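Construct the complete structure from the given sequences, taking the supplied hints into account.
So you can see what is in the structure, the chains are spelled out below.
There are 2 protein chains.
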Amino acid sequence: MNILIIGAGGMVGRKLTAALVKNRTLAGREIARIDLVDVAAPDLPQAQDIDIRALAADISDPTTAPRLIADRPDMIFHLAAIVSGEAELDFEKGYAINLDGTRYLFEAIRLAGKDSPYCPRVVLTSSIAVFGAPFPDRIGDEFFQTPRTSYGTQKAMCELLLSDYSRRGFFDGIGIRLPTICIRPGAPNKAASGFFSSILREPLAGKEAVLPVDESARHWHASPRAAVNFLIHAAQLDTALLGARRNLNMPGLSATVGEQIEALRRVAGEKAVGLIRREPDAMIVEMVDGWAKDFDASRALSLGFSAESSFDEIIGIHIEDELGGELPQ
Amino acid sequence: MNILIIGAGGMVGRKLTAALVKNRTLAGREIARIDLVDVAAPDLPQAQDIDIRALAADISDPTTAPRLIADRPDMIFHLAAIVSGEAELDFEKGYAINLDGTRYLFEAIRLAGKDSPYCPRVVLTSSIAVFGAPFPDRIGDEFFQTPRTSYGTQKAMCELLLSDYSRRGFFDGIGIRLPTICIRPGAPNKAASGFFSSILREPLAGKEAVLPVDESARHWHASPRAAVNFLIHAAQLDTALLGARRNLNMPGLSATVGEQIEALRRVAGEKAVGLIRREPDAMIVEMVDGWAKDFDASRALSLGFSAESSFDEIIGIHIEDELGGELPQ
Chain A
1 MNILIIGAGG
11 MVGRKLTAAL
21 VKNRTLAGRE
31 IARIDLVDVA
41 APDLPQAQDI
51 DIRALAADIS
61 DPTTAPRLIA
71 DRPDMIFHLA
81 AIVSGEAELD
91 FEKGYAINLD
101 GTRYLFEAIR
111 LAGKDSPYCP
121 RVVLTSSIAV
131 FGAPFPDRIG
141 DEFFQTPRTS
151 YGTQKAMCEL
161 LLSDYSRRGF
171 FDGIGIRLPT
181 ICIRPGAPNK
191 AASGFFSSIL
201 REPLAGKEAV
211 LPVDESARHW
221 HASPRAAVNF
231 LIHAAQLDTA
241 LLGARRNLNM
251 PGLSATVGEQ
261 IEALRRVAGE
271 KAVGLIRREP
281 DAMIVEMVDG
291 WAKDFDASRA
301 LSLGFSAESS
311 FDEIIGIHIE
321 DELGGELPQ
Chain B
1001 MNILIIGAGG
1011 MVGRKLTAAL
1021 VKNRTLAGRE
1031 IARIDLVDVA
1041 APDLPQAQDI
1051 DIRALAADIS
1061 DPTTAPRLIA
1071 DRPDMIFHLA
1081 AIVSGEAELD
1091 FEKGYAINLD
1101 GTRYLFEAIR
1111 LAGKDSPYCP
1121 RVVLTSSIAV
1131 FGAPFPDRIG
1141 DEFFQTPRTS
1151 YGTQKAMCEL
1161 LLSDYSRRGF
1171 FDGIGIRLPT
1181 ICIRPGAPNK
1191 AASGFFSSIL
1201 REPLAGKEAV
1211 LPVDESARHW
1221 HASPRAAVNF
1231 LIHAAQLDTA
1241 LLGARRNLNM
1251 PGLSATVGEQ
1261 IEALRRVAGE
1271 KAVGLIRREP
1281 DAMIVEMVDG
1291 WAKDFDASRA
1301 LSLGFSAESS
1311 FDEIIGIHIE
1321 DELGGELPQ
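Chains A and B, in that order, give the protein sequences. Using the numbering used here, you'd call the opening residue of the first sequence number 1 and step up by one each time. Using the numbering used here, you'd call the opening residue of the second sequence number 1001 and step up by one each time.
A couple of the hints might just be wrong.
Unchecked claim - Residues from chain B that keep clear of chain A, each with C-beta distances beyond 10 Å, as calculated:
#1 Arg1033
#2 Asp1074
#3 Val1083
#4 Gly1132
#5 Glu1142
#6 Leu1160
#7 Leu1161
#8 Asp1164
#9 Pro1185
#10 Ala1187
#11 Glu1215
#12 Glu1259
#13 Asp1294
#14 Glu1313
What the hints assert, rightly or not - Here are the simulated lysine-lysine pairs, DSS-like style, with alpha carbons at most 30 Å apart:
#15 B:Lys1114 to A:Lys190
#16 B:Lys1015 to A:Lys114
#17 A:Lys207 to A:Lys293
#18 B:Lys1093 to A:Lys93
#19 A:Lys293 to A:Lys15
#20 B:Lys1114 to A:Lys93
#21 B:Lys1190 to B:Lys1293
#22 B:Lys1190 to B:Lys1114
#23 B:Lys1015 to B:Lys1093
#24 A:Lys114 to B:Lys1271
What the hints contain is simulated information worked out from the structure, not anything from laboratory work. None of these values were measured; they are calculated from a predicted model. Each residue gets a CB set at the ideal place from its N, CA and C atoms; glycine is no exception.
Quick look at the structure:
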């Protein structure tokens, strides 16, 4: 089993790589090789018996994709994208990387299959940004895609391509729409959604965090560990079960900021909660109000995808995976 | 008011041109010029006081779109596409014309607006092929797009682009998903849906027609006249009413083949009905079974779009518009 991970340098890509290296098998086959690709060459993890390589490449360059699949990987995880904020600020770059980059990859696979049969599994990370307000209280599996960002538009277009290329037999694709990943490790970033993580991560580390919205704000979450499990499950799933509908809302946890804070209180006490500073930001309030709040992800659940059911669990995963299993004193 | 019609040589394009020439105004403004574009130069209709030009152009050539909009038309009807069957047979040509051709047009408009403000109305014809079975009994306005053809995929992708370019203010777009057009005038063609028209058109002209499916087969129809009215209404609509959701299911008539035949009997008598020869075709039966059968097009209806409410009416329109107002003796 040879694996290609595009976008391997990001948080989810690094955790996916670590999980694959640890598991040493995927879909019942031994992993022989993993190619890690990102705009800067990803770090090479230690791995016994797996040939791991790292490559810096720009997927918006049409010559990149044919090189990436020249050795015909069996499994391709396509996680690479520029994020929502950047795709909104730089219209051309967003389409070049998020749409054209994906299409070049799909085309390279299709054209490789013309020479001799080639039909890899392709796992694409998409996003709940393919949906745009107004929403029903819970978004069902058959709700339409009306993105309100260029990023969401690009992801929805890639999902359509993935379905068509799969239907045509050019590859065996599955697209998974990730919830907001929480608790995102690392330093606070400028993403408008960053506070969902930082109001937990920073107090757990004894640091202050800023809350820009009301405690009643509701959002859709899953842990980094759940995201990696989604990817691995998608890679191993019998895609015959998907029929022609190859893009799935992943399960997640719908919770208010207030429920996040209550969980923090239970896990880390009043002192941690006291580190959250309320600084309402009208622009962030408005953006968050336009985001999906809750899903009925029945289809993914019935296909065996699973996520957390409480923020206590999500905080516990962060403590286990990022803080060595215990809170700093 | 200067108008550009891309795909002006097709049946709907010719009827739209004729209606505009007859009306002489659009959206309350006098029509000064109409540019007709298609892969072969469209016929020039007679028109007083309107400067009409015809041009042959290949929209899959990236240099075409900038030329087409060089004079900054106020209104652009984009009807050009290769049809479902051809897009399925020729994968590359379908994407080149239906997706890339549309994107080149949208990009040309965006880039023209960088030099000096330019924000034309763009009316895009899309199709109910953006939907794919299984369906609810009636497809609502918020049902998701899971096309089962490359044509439907390309149209759904163009719809997403149209919404994003409109949201960004690059143009003022509206996409309309046409029902199957019935009764399509002219000679029988090879489209799998052709029989819906030919089982009426041919007997009305005293000729035999072949029915390849059962009388219980249900489908979604609108007349050529309704299609032209959709386009003109879309061109004149206050798009502020659309919000961010700029693609609409057009209204139509859901009817079974049996209901079509009953209407033919009422209008043209038993002798006409006797000209329908039943020749079941398993492949067509299966294709038709996968097509959308009925819509709840509430949103378009509330925005003032309207279509026929009976097949008697649809047949009457064909007799008026194509047969000079009376049945041949």
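Hints, verified against the model:
no. : hint                   : result
1   : Arg1033                : 31 Å, holds
2   : Asp1074                : 24 Å, holds
3   : Val1083                : 16 Å, holds
4   : Gly1132                : 6 Å, violated
5   : Glu1142                : 5 Å, violated
6   : Leu1160                : 5 Å, violated
7   : Leu1161                : 7 Å, violated
8   : Asp1164                : 4 Å, violated
9   : Pro1185                : 32 Å, holds
10  : Ala1187                : 31 Å, holds
11  : Glu1215                : 28 Å, holds
12  : Glu1259                : 28 Å, holds
13  : Asp1294                : 16 Å, holds
14  : Glu1313                : 30 Å, holds
15  : B:Lys1114 to A:Lys190  : 29 Å, holds
16  : B:Lys1015 to A:Lys114  : 42 Å, violated
17  : A:Lys207 to A:Lys293   : 28 Å, holds
18  : B:Lys1093 to A:Lys93   : 26 Å, holds
19  : A:Lys293 to A:Lys15    : 26 Å, holds
20  : B:Lys1114 to A:Lys93   : 17 Å, holds
21  : B:Lys1190 to B:Lys1293 : 21 Å, holds
22  : B:Lys1190 to B:Lys1114 : 44 Å, violated
23  : B:Lys1015 to B:Lys1093 : 26 Å, holds
24  : A:Lys114 to B:Lys1271  : 53 Å, violated
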